[in-house]
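J.: Using the sequences and the accompanying hints, generate a full structural model.
These are the residues of each chain, in order.
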Amino acid sequence: MNRIVVVGYGPTAHRLVETLYERGFDGRVTVIGEEPRPAYDRVALTSYLSGISVEDLTYPVPPGTVTRLGGRVTGIDREARTVTLADGSAEPYDVLVLATGSAPFVPPVPGAEHAYVYRTIDDLDAIRMAAKDATEGVVVGGGLLGLEAADALRGLGLKTHIVEMSPWLMPRQVDEGGGSVLKGHIEALGLSVHAGAGVQEIVAGERGVTGLRKPDGTLLDAQIVVFSAGIRPRDELARTSGLDVGERGGITVDAGMRTSDPAIYAIGECALAGGMVYGLVGPCFTMAEVAADRILGGAATFDGADLSTKLKLLGVEVAQFGAMDGALDVTYMDPVAGVYKRLFISDDAKTLLGGICVGDASPYSALRPFVGKPLPAAPSDLLFSGSGAELDLPDDAQVCSCNNVSAGTVRTAIADKALTDVPGIKACTRAGTTCGSCVPMLKQLLEKSGVEVSKALCEHFTYSRAELYDIVKVRGITTFSELISAHGEGRGCDICKPAVASILASLHNGHVLDGERAALQDTNDAFLANIQKNGTYSVVPRIPGGEITPDKLIVIGEVARDFGLYTKITGGQRIDLFGARVEQLPQIWRRLVDAGFESGHAYGKALRTVKSCVGSAWCRYGVQDSVGLAIDLELRYRGLRAPHKLKSAVSGCARECAEARSKDFGIIATEQGWNLYVGGNGGFKPRHADLLAADLSTEELIRTIDRFVMFYIRTADRLQRTAAWLESLDGGLDYLRQVIIDDSLGICAELDAQMEYHVATYVDEWQTTIDDPEKLGRFVSFVNAPGVPDPSIVFETERDQIKPVEVAAR
Amino acid sequence: MSSWIPVCGYQALLPERGVCALVDGRQVAVFRTYDGTVHAIDNLDPFSGAQVLSRGIVGTRRGEPTVASPLHKQVFSLVSGECLDEPGFAVPVYPIRVDGGLVQVGMGV
Ligand SMILES: Cc1cc2nc3c(=O)[nH]c(=O)nc-3n(C[C@H](O)[C@H](O)[C@H](O)COP(=O)(O)OP(=O)(O)OC[C@H]3O[C@@H](n4cnc5c(N)ncnc54)[C@H](O)[C@@H]3O)c2cc1C
Ligand code: SF4
Ligand code: FES
Numbered sequence: 001m002n003r004i005v006v007v008g009y010g011p012t013a014h015r016l017v018e019t020l021y022e023r024g025f026d027g028r029v030t031v032i033g034e035e036p037r038p039a040y041d042r043v044a045l046t047s048y049l050s051g052i053s054v055e056d057l058t059y060p061v062p063p064g065t066v067t068r069l070g071g072r073v074t075g076i077d078r079e080a081r082t083v084t085l086a087d088g089s090a091e092p093y094d095v096l097v098l099a100t101g102s103a104p105f106v107p108p109v110p111g112a113e114h115a116y117v118y119r120t121i122d123d124l125d126a127i128r129m130a131a132k133d134a135t136e137g138v139v140v141g142g143g144l145l146g147l148e149a150a151d152a153l154r155g156l157g158l159k160t161h162i163v164e165m166s167p168w169l170m171p172r173q174v175d176e177g178g179g180s181v182l183k184g185h186i187e188a189l190g191l192s193v194h195a196g197a198g199v200q201e202i203v204a205g206e207r208g209v210t211g212l213r214k215p216d217g218t219l220l221d222a223q224i225v226v227f228s229a230g231i232r233p234r235d236e237l238a239r240t241s242g243l244d245v246g247e248r249g250g251i252t253v254d255a256g257m258r259t260s261d262p263a264i265y266a267i268g269e270c271a272l273a274g275g276m277v278y279g280l281v282g283p284c285f286t287m288a289e290v291a292a293d294r295i296l297g298g299a300a301t302f303d304g305a306d307l308s309t310k311l312k313l314l315g316v317e318v319a320q321f322g323a324m325d326g327a328l329d330v331t332y333m334d335p336v337a338g339v340y341k342r343l344f345i346s347d348d349a350k351t352l353l354g355g356i357c358v359g360d361a362s363p364y365s366a367l368r369p370f371v372g373k374p375l376p377a378a379p380s381d382l383l384f385s386g387s388g389a390e391l392d393l394p395d396d397a398q399v400c401s402c403n404n405v406s407a408g409t410v411r412t413a414i415a416d417k418a419l420t421d422v423p424g425i426k427a428c429t430r431a432g433t434t435c436g437s438c439v440p441m442l443k444q445l446l447e448k449s450g451v452e453v454s455k456a457l458c459e460h461f462t463y464s465r466a467e468l469y470d471i472v473k474v475r476g477i478t479t480f481s482e483l484i485s486a487h488g489e490g491r492g493c494d495i496c497k498p499a500v501a502s503i504l505a506s507l508h509n510g511h512v513l514d515g516e517r518a519a520l521q522d523t524n525d526a527f528l529a530n531i532q533k534n535g536t537y538s539v540v541p542r543i544p545g546g547e548i549t550p551d552k553l554i555v556i557g558e559v560a561r562d563f564g565l566y567t568k569i570t571g572g573q574r575i576d577l578f579g580a581r582v583e584q585l586p587q588i589w590r591r592l593v594d595a596g597f598e599s600g601h602a603y604g605k606a607l608r609t610v611k612s613c614v615g616s617a618w619c620r621y622g623v624q625d626s627v628g629l630a631i632d633l634e635l636r637y638r639g640l641r642a643p644h645k646l647k648s649a650v651s652g653c654a655r656e657c658a659e660a661r662s663k664d665f666g667i668i669a670t671e672q673g674w675n676l677y678v679g680g681n682g683g684f685k686p687r688h689a690d691l692l693a694a695d696l697s698t699e700e701l702i703r704t705i706d707r708f709v710m711f712y713i714r715t716a717d718r719l720q721r722t723a724a725w726l727e728s729l730d731g732g733l734d735y736l737r738q739v740i741i742d743d744s745l746g747i748c749a750e751l752d753a754q755m756e757y758h759v760a761t762y763v764d765e766w767q768t769t770i771d772d773p774e775k776l777g778r779f780v781s782f783v784n785a786p787g788v789p790d791p792s793i794v795f796e797t798e799r800d801q802i803k804p805v806e807v808a809a810r
Numbered sequence: 001m002s003s004w005i006p007v008c009g010y011q012a013l014l015p016e017r018g019v020c021a022l023v024d025g026r027q028v029a030v031f032r033t034y035d036g037t038v039h040a041i042d043n044l045d046p047f048s049g050a051q052v053l054s055r056g057i058v059g060t061r062r063g064e065p066t067v068a069s070p071l072h073k074q075v076f077s078l079v080s081g082e083c084l085d086e087p088g089f090a091v092p093v094y095p096i097r098v099d100g101g102l103v104q105v106g107m108g109v
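For the protein sequence lines, the chains are A and B, in the order given.
FYI, the numbering for the first sequence is 1 to 810, going by my numbering.
FYI, the numbering for the second sequence is 1 to 109, going by my numbering.
Hint data in this document are derived by calculation from the structure and do not stem from the laboratory.
Hints are not guaranteed to be accurate.
[What the hints assert, rightly or not] Example chain A residues on the side facing chain B (calculated, C-beta under 8 Å, incomplete):
| id | residue |
| --- | --- |
| 1 | V43 |
| 2 | S346 |
| 3 | D348 |
| 4 | A519 |
| 5 | D522 |
| 6 | T523 |
| 7 | K533 |
| 8 | V788 |
Note that beta-carbon positions come from the ideal geometry of N, C-alpha and C, so glycine has one too.
T.: Below you can see the structure in the form of structure tokens.
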């Protein structure tokens, strides 16, 4: 038994192989997968369209695994124990595992061949291509996957219809009341819902699909139709090789995941276990673990699985756990807020049977573990117990249904491994690593175990940056010494000092090198330039929006030439001058300031640039003046100190030449105004910015950015870019909208006033520095020899410019 | 030959900021801590090979006065010159005193 062959390389196959190797299997596992890539996280498939890369989604291939990617198995010879592939080759096995998953069901209606499905990365690539020339789309199927596909079409900018056979959406997860609340949410987002409707035909002309006709004859205009009307287990190999399959599909297996041939197992969505086919990844993973255990001689069994789900679809939370009916029930419905919650209880009113939530799923993670157990509190209280902090989970309660982890397992791991954070729990128990809905529960188990989650900035302050910000603001503190003597310990370090300097700068403006503040700054801020590897500095004058006159370009060229600097165009549409010694900086800036340049703050945790495309002034596609807006924004936010650098860009139309969605705040012109995207990032962890608000007027846009930036400055951690900040915000984008658009915290007036203060008090740091002899006196290489250049700085020449001579380090 | 070489007036040192002095052809980073004490260590950052330690952030670690390299942020004790982040690395420490309002670095004393 040393040759294991796995057919299909999806999440289930991956979990099987991983488990086999983790448990010490030392033979060969060959995985044959039809897709051209190793297994990836299909649950997170939609994130691919919002910019998550294939690499990020792909599971690591366990060492030792032999993979045959892009290979489809077409037959099994059970006698000879070989499988044959479409290319005619064969693969012998001792143990065969079928993990072929399922395929989307495409109903046999006329024109169905023109429709797309939503299952693989290739499917998404095809949909994305087709969406380029489309304005409207229809998704057939209003279940979990259908709504996810609809969200994707909407994200691609299409007007989207959802057609669902059942009288309401998500019939497997919610009842009629929940369905109507869900429909309200989805229609409010601009999607149209056609429930209780089927498909007559897909209408296609010479140039592709033009619409979808419903049985009542009405035609929905659309250039893309996506079928998401259920899935069918891929049991074709089992059928052709004579294995038992269920009447309605699925490869029949016993509790040990074995098919009717003892040498063949079937796991995941293709398997029919206990008369059920499972369409959720949690049970599939459990099946993989059971099969691995059996292959290695164990006796594990698969005894059915919890089908609870909690999802966020189109920004609406939906959750269902346990049974969907019961003798008694408690229902809460608020059609105005769009919230529906219902709990099912046994006839003696003692046992919790299940529940449904739409619009607010907070009871889910707290209550799911109590299914089948005595009610932990009065039902009406439970409906509103958002946190669940007051509930004590029994050890056998399942906390993570995706990975079948109980509260007891998590508690033991916390105690035995001295875990202090959620990532630690994830690594040790796998809980929370799949859909993430149980993470709030994990946090609570941590807190209740008495582990203090440290948010201390460094050894000198027990507070987080956001807390220090509030202290400085509320107490009216203006110096670091005042802050550390009253609220900290010691004399600070390279972590807390710049952080406090940034807080003081955000709250009080004023010069970064005034008085004691000079000693808080990183060398970059201290010399208003960027230190380079050999101790020299680079200089970046501000070029707002990337627009510059020939005369100013010539000045930069002359300065670079006269001081012998290396020049390079930056990614932010400006020019970086390298190789300046400390004592040259004031001379360089004297020339630049005289020519009308200002500091570009390339050295600061502050606004860097607002990049722009050429926009409507020149470009034949442009719909708005992107350059004009970029200049206005850059001048408005220049010099604003923040927890980390801030980058922005403006594109003049949807073609997005300025790459605005890779910025902290990016703006894309529309026919009606501007779309504002926030939380984007390039760098080593790229993230596409999320759409915060659409079709804003210029005035609305600026007010929204003002508040976004100020709220970020107030609440982010030290060195936390907006991308990470947004991901860590409890409630995410919706919460952000509530705070800065609906003013749910009542702080918008204050945020606005702070930004006005910044704009009104901004002065150019370099201008004031060269006018101040005291500050200028610090720009020397040697206190005792002010005119002497540092002799250790030496350059060589490369491509006609200077380059630092490599020094021997260490 | 041993001698005390004046490098600057005490008033030229700002609390918790360093300066660099050229002493006998050697670059010496001179610091004044918050309580007024002066320290002198070599300006050469052993990790980058650049003469930059005088431009680092001055602070404390468990009460001991420190400076962090401005390039890769390794922290050095101003008292012993030892790198507190990577044991085994250290920079030379020089004698220093304030005499008649003048800061003096000792060479060979
Ligand atoms: C958009 C989307 C969102 C989802 N969201 C959730 C969610 O929130 N929560 C949840 O629990 N579940 C969710 N799911 C379901 C989840 O992805 C599946 O349960 C899971 O992928 C099942 O894994 P599997 O390995 O059994 O099957 P699959 O993922 O289907 O993998 C089977 C693989 O086998 C290959 N294959 C099939 N036949 C052959 C053959 N003959 N030869 C070679 N290769 C073959 C297929 O190409 C495929 O790559 C979602 C699914 C989708 C599509
Ligand atoms: S984004 Fe649009 S307006 Fe701007 S350059 Fe590209 S095509 Fe032209
Ligand atoms: S319940 Fe999905 S990861 Fe825990």
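J.: Any of the earlier hints contradicted here, and which numbers?
T.: Violated hints: 1, 2 and 3; rest satisfied.
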